[in-house]
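S.K.: Now for the letters of each chain:
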Amino acid sequence: MTRAFIFLISLFLISTFTFADTIEVCKTCNLSSINEAIALAKDHDTILIKKGTYKEYDILIDKPLSILGEGHPVIDGNLKGEIITIIADNVTLDGLSIINVGISYTEDFAAVRVKKAKNFSIQNLVLENLFFGIYIEKSHYGKVIHNKIIGDAVEEHNSGNGIHLWYSSHIEIEHNYVQHVRDGIYLEFSDDSFIRNNVSSNNLRYGLHFMFSNNDEYQDNTFESNGAGVAVMFSKNIKMLSNTFKENWGSASYGLLLKEINDAEIIGNTFEENTIGINIEGSNRIIYKHNNFINNGWAVKVRGACYTNSFTANNFLYNSFDISYNSRENDNVFDGNFWSSYSGYDLDNNGIGDVPYRPVKLFSYIVNRTPETIILLRSLFIDLIDFSEKVSPVFTPDNLIDQHPLIKKAEW
Amino acid sequence: MVTIQNLHKKFAKNIVLSGIDLNIDSGGIFAVLGPNGSGKTTLIKAILGMVIPNKGDISVLGENIKQSSNYRNSIDYLPQIANFPSNLKVKELIKMIKDLRDRPSDDQRLIELFNLTPFLDKKLGTLSGGTKQKVNLVLTFMFDSPLIILDEPTTGLDPISLIRLKALINEEKSRGKTILITSHIMSFVEEVSDEIVFLLEGKIYFKGSIDELKKNTGQPDFEHAIASILTIDNA
Amino acid sequence: MLKILKYSFFDLMRSRWSYVYFAFYLLLGIVLLFLNNDLSKAVITLMNVIIVLVPLIGTIFGVMYYYNSKEFTELLLAQPLKRTTIFLGQYLGVALSLSLSLVLGLGLPFVFYGLFKSNAIWDFSLLLITGSFLTFIFTALAFNIALSNENKIKGFGYAILLWLFLAVIYDGLFLMSIILFEDYPLDKMSLMGTLLNPIDLSRTLILLKLDISALLGYTGAVFKKFFGTDLGLIISFAALILWVILPVSRIMYKSKRKDF
Chain E
3 MTRAFIFLIS LFLISTFTFA DTIEVCKTCN LSSINEAIAL AKDHDTILIK KGTYKEYDIL
63 IDKPLSILGE GHPVIDGNLK GEIITIIADN VTLDGLSIIN VGISYTEDFA AVRVKKAKNF
123 SIQNLVLENL FFGIYIEKSH YGKVIHNKII GDAVEEHNSG NGIHLWYSSH IEIEHNYVQH
183 VRDGIYLEFS DDSFIRNNVS SNNLRYGLHF MFSNNDEYQD NTFESNGAGV AVMFSKNIKM
243 LSNTFKENWG SASYGLLLKE INDAEIIGNT FEENTIGINI EGSNRIIYKH NNFINNGWAV
303 KVRGACYTNS FTANNFLYNS FDISYNSREN DNVFDGNFWS SYSGYDLDNN GIGDVPYRPV
363 KLFSYIVNRT PETIILLRSL FIDLIDFSEK VSPVFTPDNL IDQHPLIKKA EW
Chain R
5 MVTIQNLHKK FAKNIVLSGI DLNIDSGGIF AVLGPNGSGK TTLIKAILGM VIPNKGDISV
65 LGENIKQSSN YRNSIDYLPQ IANFPSNLKV KELIKMIKDL RDRPSDDQRL IELFNLTPFL
125 DKKLGTLSGG TKQKVNLVLT FMFDSPLIIL DEPTTGLDPI SLIRLKALIN EEKSRGKTIL
185 ITSHIMSFVE EVSDEIVFLL EGKIYFKGSI DELKKNTGQP DFEHAIASIL TIDNA
Chain V
506 MLKILKYSFF DLMRSRWSYV YFAFYLLLGI VLLFLNNDLS KAVITLMNVI IVLVPLIGTI
566 FGVMYYYNSK EFTELLLAQP LKRTTIFLGQ YLGVALSLSL SLVLGLGLPF VFYGLFKSNA
626 IWDFSLLLIT GSFLTFIFTA LAFNIALSNE NKIKGFGYAI LLWLFLAVIY DGLFLMSIIL
686 FEDYPLDKMS LMGTLLNPID LSRTLILLKL DISALLGYTG AVFKKFFGTD LGLIISFAAL
746 ILWVILPVSR IMYKSKRKDF
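Going down the list, the sequences are from chains E, R and V. Per our numbering, residue 3 is the first one in the first sequence, and the count goes up by one each step. Per our numbering, residue 5 is the first one in the second sequence, and the count goes up by one each step. Per our numbering, residue 506 is the first one in the third sequence, and the count goes up by one each step.
Rather than coming from a laboratory, the hints here were simulated on the basis of the structure. Cβ coordinates follow ideal geometry from the N, Cα and C atoms, glycine included. Hints are supplied without guarantee of correctness; some may be wrong.
So the derived list for chain V, only partly shown, Cβ under 8 angstroms to chain E, looks like this [what the hints assert, rightly or not]: (1) L544; (2) I549; (3) K622; (4) S682; (5) I684; (6) L720.
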């Protein structure tokens, strides 16, 4: 199959560029080193690496090549430094195992670095024992698909990110599996990228992290048991669709952290068993729709300076706290959501509760102020003071009301 | 049979018994008498171990009662107020007490004696006071114990049952048992008892036979003798 | 003792109140499950019911039973039985029959609903275990109150006060003292405060299951150790057992010295 594929590719290359060859690398071949093979290769050649372990690092790909592994050959960097660096356009890396990236406090060594390149494709790699995984800088129109990145990060300061984008754009990141690194996927100054169907779990810091990146979209990803699920900071127009944020537990742990975010869409996501489902700071004009908040400590924690956000048709199910505010100001709209702790009735049977619902409890305000009081959660006394606050709000925003709470779970 | 030495008991500040010394020999019927609140029931309950003395010793059949509860195997007790768990049926109660004491009993004979057969399947809560007292009597007399303590046994009984009760008491006496009775009914006491103990303000005011009491007080009959004690005291 | 237990138990099983109690829980279970059709919500509502109602019923029922069975007790006292036997037997009779009403009343609807196929079974079993613990604790406390108070009205009064204190007032004071001393490290103190109140203790035990996500949001190291590991579960259960043992031993102590 692979051979047939390679044959076809070769055929294709031959027909377009007259001199495209396939160069084989193996322990018993004429060429037993990848570096030598690259040096020998012409533009658009294919280098086929056979099964085996190759102890090499600082492999520089400076011309458009396809480097294919057959039977997942292992490139062992011996902890010496960076392993593969791509500085040419139109490079494909496929089917390699890359292990033992060097760790440095001065340089961000990566298993694979793409530098000022276009139209690259990095796929079917397995990266282990790494510092940075795939580091894409100032590059555009690339694909990072079907890679498996398994780190062993213990501390933030001496670990790197799984997939790291810096000043890049139009990158597609799909079907990758990233765990035990610092940030699973990291975007800084990177726009118009598409992140889909990845699983990012057990990472030290964030499953996915945006900084100063605009017009990106991530969809159908799973973020589980990370220090915090996803952090989106100082970015605009991010679409967050149908992702799952699960079991991000800890004192500074969120399913999703939004900081200085404007004009985003958060639709169809599931936030389950996170300490905080979504933590929002200084974020405006965000649409929250059709999300499920299930069994979180706080479904949504609003920490101020958030304007014109709208929450509609979401399900808030069995969270310890549905919404928490730290001020009495509210400029956000909560309308037509389902709240599992809603106890009103629907006499006219139109599916909308006849009594409005106040999702902010006095107790959440108290816990914000004095965290130790969390131990009194669900106490009868707390229910009593919550009730009195509900009747006449003193500490919580009095206009924060869902006027049309749903009687049945929202479906879409 | 029962030896009481220097028995003191007070409830809160209220002194009920102060220094009772009493020796009850085997065999015969002893009546404990006294006005209301003189400590009769407390004395009996102390013997039964239901009231814990502040001071003093009690021994029954030579065994100090502080140490165990086994001595109560040799006592049959008829409590003053016959109130039983109202959910139980009469026969269940009898069965339960038999089960608890785990000894042979002749409840059948006593049930017939007091005509209780029709009530066996009734719940105790639905019975009249008199019937309850009869059940109470059955429970007391069905075991063959050397010491029998009866606290107001005549309460609520009809005349026929009263006659049967007296017969029963005499029968037990003839079998050599020791019977301790408290009662307000002087005629009853006079009729059955061999010896009386008169309690007044927590002390034994008199102990001896009825004849001695009459002689001491110079009164022709028992009731007046008792009355004279009380009036002397009040004066 | 087993005999006394048996008779007290059957006596109670026959009483109207056991049925009322049983029927109440049965109804509650049915309403929650079949009208609401939401197991997770049912478990949360049940938790609220259990930590409030079970102690209340335990105390009231315990006091009531003690006063109502005074004659029965006196009957037993004249029998060759040890006092501890009598009172422990009665206590266990009450506590067991109440627990049974609770477990069966709530358990049956849940079993019919298909609990065994659901993953809520652990949460639910924990609820029933804590409910039974609370029954045992508050029945024992009620017996203590009744043993120390001849006056029925007073006894009932104290029982209600005790419940009110532990269910509501205690938490109010607790909350105030936490807020008052918020500048100090408080996690040890607040955990201690929890252990000292059986209702809070049970609540915490259930929180461990239902709200672990929120509890882990707090930074204190002691909290983390308590809630993040099995330590919390073990300590809570140990404290609950202690909460049964202490009042029960006082029942034994008191009963040996009481006059009837």
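S.K.: Would you check whether V/I684 satisfies its interface hint, that is, whether its CB is within less than 8 angstroms of any CB in chain E?
M.R.: holds, 5 angstroms
S.K.: Hey, does the V/I549 contact hint survive, CB to chain E under 8 angstroms?
M.R.: holds, 6 angstroms
S.K.: Let me know if the C-beta of V/L720 comes in closer than 8 angstroms to any C-beta of chain E, holds or violated.
M.R.: With Cβ-Cβ at 6 angstroms, under 8 angstroms, it holds.
S.K.: Report holds or violated for the interface hint on V/L544, using the least CB-CB distance to chain E and a cut-off of 8 angstroms.
M.R.: Nearest chain E Cβ about 10 angstroms off; hint violated.
S.K.: Can we keep the V/S682 interface hint, with Cβ of chain E closer than 8 angstroms?
M.R.: Given a least distance of 10 angstroms, the restraint on V/S682 is violated.
S.K.: Interface hint check: V/K622, Cβ to nearest Cβ on chain E, cutoff 8 angstroms. Holds or violated?
M.R.: Violated - the Cβ of V/K622 stays beyond 8 angstroms from chain E, reaching only about 20 angstroms at its closest.
Going down the numbered hints, you'll see the structure goes against 1, 3, 4, while the others check out.
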